[in-house]
Amino acid sequence: MEGQGLRNVQIQVFPELETRFRMGIYNHAAFVMATNPTYSRRTRHIELRWHYVRDQVAKRTVDLWKVKTEVNPSDIMTKPLASDILTKKHLPQ
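Numbered by the UniProt record's numbering, the letters in the sequence shown go through residues 1 to 93 in order.
Since the hints were derived computationally from the structure, they do not count as laboratory data. Please note that a few of the clues may not be correct.
[Stated by the list, open to error] Below, in silico cross-link-like pairs of lysine to aspartate or glutamate (DMTMM-like), each with a Cα-Cα straight-line distance of 20 Å or less:
hint: 1; residue 1: 79; residue 2: 16
hint: 2; residue 1: 68; residue 2: 84
hint: 3; residue 1: 59; residue 2: 18
[Claimed, not checked] Distance ranges between label pairs, derived from CB positions:
hint: 4; residue 1: 51; residue 2: 80; range: 31 to 41 Å
hint: 5; residue 1: 41; residue 2: 70; range: 12 to 22 Å
hint: 6; residue 1: 69; residue 2: 14; range: 34 to 44 Å
hint: 7; residue 1: 16; residue 2: 80; range: 46 to 56 Å
hint: 8; residue 1: 11; residue 2: 80; range: 35 to 45 Å
hint: 9; residue 1: 4; residue 2: 74; range: 15 to 25 Å
None of the values given here were measured: they were computed from a predicted structure. Every residue gets a Cβ at the ideal spot worked out from N, C-alpha and C, and that includes glycine.
Build the full structure now, drawing on both the sequences and the hints.
Next comes the structure, spelled out in structure tokens:
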């Protein structure tokens, strides 16, 4: 996570500042897995070493927020968009 590297630099330069990074998540399942520490039948196959984000959320060094479909900037690279939606949502006015 690139934010951790930036946070380490910030701690060295300004040790008195408390910083939390905000991370936007579009995938609902990823959001639930990162914020909910329980395991289910569907998630038990994921190894514990992949729960880094969950650990950072528990330590309160990362704040997660849900990215709505209407404003998701990654849509421009992942799905075909009509020209009116493309110019309305993703191109500067």
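Hint-by-hint comparison with the structure:
no., hint, in the structure
1, 79 <-> 16, "violated (43 Å)"
2, 68 <-> 84, "holds (18 Å)"
3, 59 <-> 18, "holds (13 Å)"
4, 51 <-> 80: 31 to 41 Å, "holds (34 Å)"
5, 41 <-> 70: 12 to 22 Å, "violated (32 Å)"
6, 69 <-> 14: 34 to 44 Å, "holds (36 Å)"
7, 16 <-> 80: 46 to 56 Å, "holds (49 Å)"
8, 11 <-> 80: 35 to 45 Å, "holds (43 Å)"
9, 4 <-> 74: 15 to 25 Å, "holds (21 Å)"
Of the numbered hints given earlier, the model fails hints 1, 5; all others are met.
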